[in-house]
Structures are given as C-alpha cells and as structure tokens.
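Asks: Build the full structure now, drawing on both the sequences and the hints.
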Amino acid sequence: MTTDMDDTTRSDENDIKSQQIITEWNNNQGVIRPLFIPESTQFTIPAMRKNVAKTVRLSDINCKYKKLIFSALYTAFYIIYFTDREAISNRVIYRRTVVSFIEYLNERTITKNNRTRIFKDYEEFRVKKMGVKPQSTGLKSIRKFIYFSIAYEPFSNLLSAEQYKYLGVLNKTKAAPSEKQESYTLTDWFSFHSWLRRDDIGIGNELFNRLASPKALSLSLRITAEVALYSIQQAKYALIEFFKENNITTHQILIPMPAPKKADFSAEEFKDKRKRWLCYIYPHITEQLAYLQKTYKKSPCQNKYLGIAFEIILHSWCKSNSIGDSLARFHKEQYVERFIVDKDKRNTDRFSITESWLFSHQFLYAISEYAHSEKKGILPVCKAEHLLFQWLMAYQSVQPSDIAKLKLSDFNFLKRRNGIITHISSSYFKGRSQATHYLKDIKANSTMGKAVLSFINDNTANRKIDLGALTTSYNDGGMTTYQQGLLAPLISLLATSTINLDINHALQKHNTTSVFIEAFNLIIRSGVDYEKYRVDQSRKSSTTTEASREKWQERCETYCNKNIFGLSAIKNSAIHARSDSFSPTMMQNYNSHSNETEQKNYRTEASLQWLNSCGRVTRAVMQDMYINVFSPSKAQIQSYNSEFTQAAELINSHKTDLLNRIKTITGQKSGRVDELGFIESNKVHHTELADVILLVDAPETVMKFYHYEAEVSKKYKSLASKSPEFLLFTVLPMAEYVSTLLHEKKFSMESMKKGKALYLKYAAHLPPHFTSHLGM
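For the sequence shown, our numbering assigns the number 784 to the last residue and increments by one with no breaks.
For the record, the hints were derived by calculation from the structure and aren't laboratory data. A virtual CB, placed ideally from N, CA and C, is assigned to each residue, including glycine. Heads up, none of these hints are tricks.
Quick list of simulated restraints, FRET-style, between CB atoms:
{"id": "1", "residue 1": "V177", "residue 2": "D92", "range": "24 to 32 Å"}
{"id": "2", "residue 1": "N465", "residue 2": "I209", "range": "38 to 46 Å"}
{"id": "3", "residue 1": "K761", "residue 2": "K340", "range": "54 to 62 Å"}
{"id": "4", "residue 1": "N255", "residue 2": "R99", "range": "45 to 53 Å"}
{"id": "5", "residue 1": "N255", "residue 2": "R471", "range": "29 to 37 Å"}
{"id": "6", "residue 1": "N569", "residue 2": "K415", "range": "26 to 34 Å"}
{"id": "7", "residue 1": "P732", "residue 2": "I386", "range": "49 to 57 Å"}
Replies: Encoded structure:
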C-alpha cells in the first residue's frame, strides 16, 4: 500500500464498487464473497438484530495516517464479516467500538508529532469527555482489530516497512488500568435523571428524595413487581376461562402473517410486499379486537381480572399515543376502531405492528390452544411475566448470572398436613463462587409467594414437569427506555391501568411510596437518550458528535439513559437495604456473596463514610467505650473496628431513611404530637406520601431536641451497661437524626432562636428520658 493511492477519482470509484458489492452480499448472503478493497474510504456495516445498516466514512482522505488506520479497520471489518478467520461475536464488538472511533478520527488532526498517540488520545477523550471508565473506552478492542489486519496477508503484503512499523506501534499502545468496580444500584441509575426532582416535568422534590434510600426504592420496586406479576397471572387465568366459556378457539384467534423481511427481497419487491402486508395487518388486528370485545360484552363471566386482561391486550396491541383513547372506549363499551384522530386532526392507525412482551397475538393463540387442549401441559407464560419474576429473584439477592439457571429442583415447598404450601424456600448452586446459596423463605400466602408459586406452577405444569431453567434472559434489544420500545407498554400498564390501583393499595399497606413506577414511567414517557438527541441535532444543524455529547445534558431538559438498570442493580440495592441487619455472626447469610465479600466490598470506608456520617454523640459514645470499657489487644481492636463500622452504618442508614421522609409543618391544628414533636398519626393528611414523617416546626420542638441531645450525652454510659440494644438500635439513630435536624437548619430561624432560649431557661426542669430502661 503506497501513498499515491490517495487519488480522489480512484478512491470514489472504489467506494462505489465497495458499496455495490456489500449490497449484493446483504441481499445474497452465502452466495458470493465480496472483493477485498483496502483502498476504500467508506464501507457499510450490515444490519444485525435491532441495529440498522451503518455506513462508516473517512472524511479526510489526504492524511496518510488516517487513511492507513481506516484501511486497517476496513480490513478487520472484512475479516470479521466476510471470512471465517475470527469469531462471529466480534461483529457486535466491532460495531460498538469502531464506529465511535472513526467519528473521533474524522474530527482529529494527526501530525508527525502526535501520530503515535492517536489511540491514547482517543482513550483520554472517551474518559474525560464521554464520561466512560478506562476499561470501557474500546481501546483494547481497536488494538485487537489492528492486529487482525496486520496478520491478514492480503493486507500486510501491501504495506511498506514504514506503514507496517506504524501500525505495530499503534497496536502496542498501553491501555490505562481499569478502575475499581463499584456496585451499581437502582439509586445510581435513577439519580442520573436529576430533572425528576422538578415539579413541572418530574415527580417533585419530596418523592425524588425517596430515590436516595435503597430501602424505600427497593421496597417500592418489590411491591410493584409482585403485584404486577400476580395481576397479569390472574388476568391470564381469567382469559383462559373466558375462552372456554365462549368456545373461542384457534379458529377465531389467528396468528397474523409475519412481516416480510428486507433481506429476503430486492428493494422494489420488499416495498411492494411491505405495502400489501400493511393493507392486511391493520384490518386483521381491528377484526380480532372487535370480535373479542363483542364476545366480552355478551359474556356472563365478566370480572375484575378479565377486565384487566383486556386492558393488557390494549396495551399490547395499541400504540402509546392511542392507549388512553382505546381504554376509554373499552370502558364505555364502545368499539375500538382502527383509526384515531391525532393532534393535527388527521386519521392515523391506532394499532402497533411490533412485537409485544405482554399479551401478543401469538400469546393469545397459545392461550386459546391451551384452553381447549385435553391434556394440560405447561401453561404459556409471556415475556413480561419472565421479566417480573427475574426482578423478584434479584430482589431476593440471586446472582444475576444464575437467575436464568434456576430450576424447579432449586425450590422447596413447605406444606401443612393438609397439603397446603406455607413457605417457599430455595437453595441453588452459585456458579461464580462454586458454593450453595440460600435464599430467604417466602411466605406462600403473601403476594410475592402467590406470584412466585404461580410462575413456577405455570412453567412446570403444577410442579410435575421439570424441563430445566424456569426463565430465560432477553438479549433482543428490548431493555431500553425507548417510548416505542418493547418494555414501554409494560411500564405504561403498571402506571396507568387498574393494576396501578392494586399497586398503590399494596404500597399504602406497607407504608411506602410509588416512587419506582412513577419515576420509571416518566423516564420512558419523556426521556431523551443521547442517540435520539444526536439524531435530532443532526437534522437541525451540522453540530459535531463531540459538541453534541458535551451539550446533551445541558440543552436537553429530560435526558435519560438509553438502557435500563440491570438485575445486578436490583440485587445490589436490595443488599444495601438489608445491610443494617447484616452481621458476620449470623447463622445464615441470605446475601448472594460470602461474609468476607460483604466486609471487603460492601463495607469499605469509601462507601460507608462513617466518620463523616456519624455525629459527635455517636463518636463520643464509641470512643469512650473503646478507651474506658476495656483494654484491647490487637485482635480485639480489629474486631472492635469491624463492629464499630457495622454499627455506624446501621445508625447512619436509619438516620438517612428518616431524613428522606421528614417534612416539617407549621400551623398544625389537629393530630397528636409525641414527646419530641412528631405527629403520631398522619391519617388527617390525605395528600401526604404514605411513608412521610411529619414534624412540627415550633420553638417547643427545638427545645425538646436540645434536651434529647443533652440526655443522651449524660446517660449513654448507663444505657450501654443496662440496655445496650436500646442504645444501639433506638437512642443513637435518634440522636443522629435530632443532631442533623438541628445543625443543618431544618427548622425556621425563629423556631431555632426561641427554642434555644426556651431550653436554656427550662433545662433544669425538663422531664428525664430513658427512665424505664435505666430502672429509675
């Protein structure tokens, strides 16, 4: 390969030829292998799964360094896609890493002085400008692709000694060391969307504060998931009875003809077949829904869950902008017609023609087949049920990589003498640690127990058939925040339908909030991820990729993550929520890791920050016990520090949870106030969140707080000897809480000033605390 290959005319001819060959390859895969043209300055990465074809271009064909790098990456592309030299898995990695690197290469100026630093500069750009970790920059993959090209003789034989040496130097670019892996939680994922704090476009500051509490967020997710799974299951059972009662068989529930695939036809043929298919599919869906709705109106077996089943069908079959109108028409017993009038007063198609994770056409066909089969086997289970079950298992702290391996034999069912199941227990072999892991028992009569048991029964024909794994992972690109994505109908269903009423009732019962589903639904409904923002910007102007990325969060009000949180985030949050009850001396550890891992990775000083989190009262208590209670050996010091850290996290966890729920009020005219100024019952406050703690902003409350602090400082030694558990689990968390409210100015200035004066005046006459625990 020589530098006089830079002739523009020849380059253009090669590009056109290359594009024609790749087009032929896409249309006739397996018939011909395209020619290898290393002089190309553009090529097209074929469509794959949910990704459309992507054309990659070199804009500066006059820079010999850029041209050589691009040619090497083209060669790697040719090797990966059109030969069998390397694993097919490289295709996904190639698309993910090389496209962004070429965009950077086009914007970069390469000189003789910086030519050997191009890969290192790209790594630095990705870390500093794009905010990725060193191990996620893609540098190692790009180096691997350069190696592929150097080792490919049809390419290496064209290189001069200087060019070969240059690529060799680039290939030896040392990648930055990986950053220490931190546990990623639900709080981390949701808190990225700081706009949720706003009242106009978000969930409001009060509800947003619940996202900071692992306990509040995890509990909200668990209750949402268990009620949703149970409701979908009951709706499925009601639909089966509905099909039986009305003799609805597979003759009435027909699977639509599949859409034509672009790869199977020429461009003109595909266009014609697509047009014909659209003329078929919309009337087909309309007729199917009209038949079901007509039968439902006449059916004597209408009930709550059958109504929910039709709500699920509408969420599955309708576009997001027509669900509201479709539900309204259904509840008014009006037929759901094909067209809906949009905001521009034009008739548009109401129905979605994409796959659904809920009650799709294929799922209803399977249900009707099951309803009329003589020999009952495994009950059809939709993808939404699988996902919700996986969320619940992650909440139970099952290692994410092991959830898809769970089998019927991993579960045990404790029964009474009459055969009724009372508890579900589970122990499975954890692949990563090569040890058996035990899950916390689930009560069979709880909502989670009913949902989990039904899921197991449906997948195993009432525990009679064990076909292996109970659930499967979905890697088909559906786990995104796209409003038109596969996950969106499920989240919309949980946020707006009758199921949402059941979820809210359960949340109220557990004194927690709907923060999970409200925040999640808003992110999907209003969020704009970076890719969507970049496409919108490119339509408006010629802004570069780098500038768009830097301005994305600044200019976009509702920026959001493209991919949703993973199962590991749920598991980590659940573990953090339960960390206040963890002790290395527990007989059974229900976390998905060993006690040593808990101490090493979940209880580091960086994550606990106990020195800053624990206030002066707690530190004074602990320090005094350390110095005066015993003379420790080195081993005892280590043991004490470990327990101190654990106690400190427990205290701080309680304090944080309380602070996230606190709300000070003035002018309170009803309700009983306790000895510290808290309103004991908030039943009169129908507008407040279920878990809110109301505190009266008054001088008397401030006076009581100062008195409580003084009482703790004076009596903690006696409490430690006579009632240590009360001191650790009640007194110290409250002392931390009281101290924070006082010193972070949570009260008005007037209340603080007058309250301090009242305390100084009446301190000697205020009633003592802790008398019952001190035997006084």
